[in-house]
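Let's have the full structure, built from the sequences with the hints guiding it.
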Amino acid sequence: MNQEVKPFKWIGTRQIRPDGVPKVTGTAKFGADYSLPGSLVGRILRSPHAHALIKSIDTSKAEALEGVKAVVTSDDFPNQNFEYIGPERVAVNFWHMTRNILAREKALYEGHAIAGVAAVDAATAAEAMALIEVDYEVLPHAIDVDDAMAEDAPLLFEDMITRGVEPAPTKPSNVSKILEFTLGDMAAGFAEADEVVEKDFKTAAVHQGYIEPHACLARYDADGQGEIWCSSQGHFVVRALTAKLLGMKLGDLRVNPAEIGGGFGGKTVVYVEPVAMALSKKAGHPVAITMTREEVFKSSGPTSGSSMTVKIGVKKDGTITAAEGTFRFQAGAFPGSPVMNACMCAFATYDIPNQHTVGYDVVCNRPKAAAYRAPGSPISAFGVESVLDILAKKIRMDPLEFRLKNAADVGTSMVYGPKLGHGGYKETIKALLDHPGYKAGLGPNQGRGAASGYWFNGGGESGATVHLNADGTAVVATGSPDIGGSRASMAIMAAETFGFDYDQVRATVADTTAVGYTHVTGGSRVTYATGIAVVNACKDAVDQLRARAAMIWEVDVDGVVWEDGHAKPAGSNVGDFDPLSLKDIAAKMGATGGAIGASSTVNAGGQAPGFATQYCDVEVDPETGKVTVLRFVAAQDVGRAIHPGYVDGQIQGGVAQGIGWALNEEYIYDDKGRLQNAGFLDYRVPVASDLPNIESVQVELPNPNHPFGVKGVGEVNICPVMAAISNAVANAVGRRMDSLPMSPPKVLDALDNRSAEEL
Amino acid sequence: MPTRVVFSSSLSDRYTGGENDLEIDATSMRGVIRALEERFPGIGEHLEEETSVAIDGEIHETAYFQPLKDGSEIFFIPKLEGG
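Chains as they are written, first to last, in this note's numbering: chain A, 1 to 759; chain B, 760 to 842.
To be clear, the hints were calculated from the coordinates, so they are not data collected in a lab. It cannot be assumed that every hint is accurate.
Dumping the calculated DSBU-like pairs for lysine-lysine here, alpha-carbon to alpha-carbon at most 30 Å [as the list claims (entries may be wrong)]:
#: 1; chain 1: A; residue 1: 419; chain 2: B; residue 2: 838
#: 2; chain 1: B; residue 1: 828; chain 2: A; residue 2: 426
#: 3; chain 1: B; residue 1: 838; chain 2: A; residue 2: 426
Computed Cβ-Cβ distance ranges for the label pairs, DEER-style [what the hints assert, rightly or not]:
#: 4; chain 1: B; residue 1: 815; chain 2: A; residue 2: 572; range: 42 to 48 Å
#: 5; chain 1: A; residue 1: 27; chain 2: B; residue 2: 760; range: 55 to 61 Å
#: 6; chain 1: A; residue 1: 252; chain 2: B; residue 2: 801; range: 30 to 36 Å
#: 7; chain 1: A; residue 1: 48; chain 2: B; residue 2: 763; range: 56 to 62 Å
#: 8; chain 1: B; residue 1: 763; chain 2: A; residue 2: 75; range: 51 to 57 Å
#: 9; chain 1: A; residue 1: 396; chain 2: B; residue 2: 801; range: 51 to 57 Å
#: 10; chain 1: A; residue 1: 137; chain 2: B; residue 2: 801; range: 42 to 48 Å
#: 11; chain 1: A; residue 1: 395; chain 2: B; residue 2: 763; range: 36 to 42 Å
Virtual Cβ for every residue (Gly too), placed ideally from N, Cα, C.
What follows is the structure, given as structure tokens:
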């Protein structure tokens with residue numbers, strides 16, 4: 001694909017966001033804002049136990065209560081085959097998924113959905129839930145990943161045989177799968193090293209922390225068709241999963257995208273939608289379900305907690321000779337953690353000839369893990385970038401110079417097979433080496449730490465349509481829910497392609513009947529893939545505009561060119577015609593053949609990965625153990641920023657979430673496996689006063705495979721954060737923190753009880 | 760047109776009896792997959808449905824319709840999903 005070489009008029013400008021006014025005035029409609037005449041209130045009864053057999057569920061008293069219109073259990077859902085469908089990392093097993101939507105034989109975590117109730121109001125629904133009698137037999141549980149892997153751990157599935165091992169084990173365990181990647185000769189690589197560091201790390205499971213809880217309205221009609229209004233990261237995926245779980249045809253289910261109050265990966269799956277639809281089918285009324293915050297924490301996916309071991313060898317001149325990582329990830333109650341990504345991303349920023357990564361996907365009595373911003377990569381980066389920091393000190397090399405010396409570039413072999421097709425990493429390091437703050441002095445108890453990260457970025461399936469209006473304006477509709485500013489980006493790319501003003505374009509998010517299949521807003525794929533679909537559709541419309549001008553001028557279409565939003569004769573031999581603007585041609589659409597519009601669907605490839613390098617300054621209070629981040633500088637290769645303001649927002653948002661992951665966020669369970677901090681008061685996400693100025697440094701190396709050079713920017717910014725902060729803490733107080741979060745009690749414990757200075 | 764196809768160990772263990780580095784004569788990915796299916800029955804559907812493909816370092820979500828150059832290096836890798 002040829003990239004535009006002329007200067008851009010709209011690309012790279014900070015336009016006003018089209019969703020701004022509705023959001024600040026409160027008229028934007030989120031998942032919980034939809035209602036229909038006769039709507040019922042849906043609620044979900046959840047397990048109070050971390051692990052229990054469900055011996056029986058008696059709903060008769062609830063169903064008899066006045067005002068209750070329907071009660072559903074797993075009996076109201078069709079059986080699903082036990083099979084992994086789809087690609088390895090994202091393989092879906094609907095036998096598992098239907099059991100996560102409503103438990104069957106067992107409750108596998110506190111908060112596991114047991115039954116749904118639809119009633120005329122919330123009080124009646126709550127009363128009905130109290131009347132449902134569930135006979136549980138409580139079982140021993142396993143919360144921590146290492147506990148779940150222990151020989152005598154209680155089994156979540158008594159017949160689970162680890163996949164990925166030859167020959168297959170004969171004994172069941174909680175290890176769902178083991179996977180492995182190898183490059184080169186590990187023994188030879190470590191033999192070459194002058195310094196080898198091996199270290200264990202643990203990271204806590206953390207929630208995506210979106211402000212808007214899961215919410216939907218569902219209506220099942222008498223003719224077997226249904227409609228859903230919900231906030232999600234992909235309404236086509238909501239349609240696909242809900243239809244499969246309920247045995248509906250895709251064409252019989254329409255899903256309408258609501259505005260979304262944050263997702264970060266956590267809204268790429270379904271929780272309440274199939275239950276609401278099943279309740280509506282039974283009640284004959286629309287049903288709305290909105291999770292409480294407690295339900296969000298106890299029942300929707302966090303990312304995995306982990307334990308890992310990282311070993312890296314280096315020569316005295318700074319050359320890394322070998323690197324090895326073993327990553328053990330909590331999948332939650334059902335298989336499917338992002339451990340494969342962790343294995344693939346762990347050393348992807350470095351040119352290391354000998355690498356070996358092993359991943360364990362482990363079930364435990366927690367909610368099923370869901371995607372979270374570059375899923376898997378930030379976790380392995382914490383261990384890898386911490387060990388690299390120790391090694392840099394051992395060989396007395398600046399940590400950024402050390403990374404630059406070993407940086408991956410075009411042609412570097414990746415542990416998962418191919419050679420790297422795009423660069424950009426070195427430029428992020430150089431940007432920080434040149435940054436004025438990197439060599440600035442520090443005060444007592446202060447330290448500076450640096451780290452890097454890698455993320456694949458996505459392409460894939462997207463659909464877009466564009467229609468011109470008679471007044472010369474355009475409507476661009478895509479299937480990508482707008483989480484990070486995609487409407488503004490799509491409008492900018494459309495305006496640039498048409499050659500007219502940004503405010504002439506209205507970008508919208510269309511429902512599943514109005515635009516071609518579009519995969520989730522996730523994987524940093526939308527500006528790239530949906531952007532290509534939008535540009536393709538706009539180019540098609542431009543060709544139609546040229547054809548209409550040719551018709552008006554009575555010349556061949558090849559004699560008409562499109563420049564700066566106008567049809568012009570291609571040369572003096574075509575004729576002497578005044579240019580026709582888009583508005584001029586649009587005004588004559590009816591007379592020249594009818595409305596002008598175009599659709600495009602793509603399965604976009606050729607996406608370029610994301611690289612980020614960051615440094616931060618921290619101060620540790622030796623009395624309390626509190627870590628204050630004083631400054632954060634985040635460099636990222638952004639390809640070409642379509643809307644630099646939104647790119648800043650992505651970088652700052654990723655860093656802010658990483659600071660929470662690094663310093664405070666964790667799930668705290670009691671000895672019965674019950675979550676003790678299921679609310680924002682006790683689950684401590686960073687607030688504005690916890691955060692420093694986060695300076696984004698946008699490095700632009702355009703991707704030639706996109707018409708405007710786009711690379712995904714949404715995720716890689718979270719990958720280095722935890723290691724950068726940990727490295728800064730080590731430099732501030734001489735304690736190497738190997739467990740997240742680095743909360744005040746842990747830091748204080750390290751200061752008080754570990755007397756030796758640590759690298 | 761000769762191309763080099765490399766499989767991960769999980770793919771080669773499952774479909775090719777451990778053979779993981781092959782030369783395939785084809786001008787398109789469709790041709791590569793057809794040739795592989797003839798040699799290793801069952802692998803074609805897996806490659807089309809369940810893998811991404813890296814052609815000379817460029818990752819594509821789908822293997823089916825990508826063009827090739829003489830000597831292209833092709834890796835089939837697990838499909839990826841982000842947040």
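Results for each hint:
no.: 1; hint: A/419 - B/838; verdict: holds, 16 Å
no.: 2; hint: B/828 - A/426; verdict: holds, 28 Å
no.: 3; hint: B/838 - A/426; verdict: holds, 26 Å
no.: 4; hint: B/815 - A/572: 42 to 48 Å; verdict: holds, 44 Å
no.: 5; hint: A/27 - B/760: 55 to 61 Å; verdict: holds, 58 Å
no.: 6; hint: A/252 - B/801: 30 to 36 Å; verdict: holds, 33 Å
no.: 7; hint: A/48 - B/763: 56 to 62 Å; verdict: holds, 57 Å
no.: 8; hint: B/763 - A/75: 51 to 57 Å; verdict: holds, 54 Å
no.: 9; hint: A/396 - B/801: 51 to 57 Å; verdict: holds, 55 Å
no.: 10; hint: A/137 - B/801: 42 to 48 Å; verdict: holds, 43 Å
no.: 11; hint: A/395 - B/763: 36 to 42 Å; verdict: holds, 37 Å
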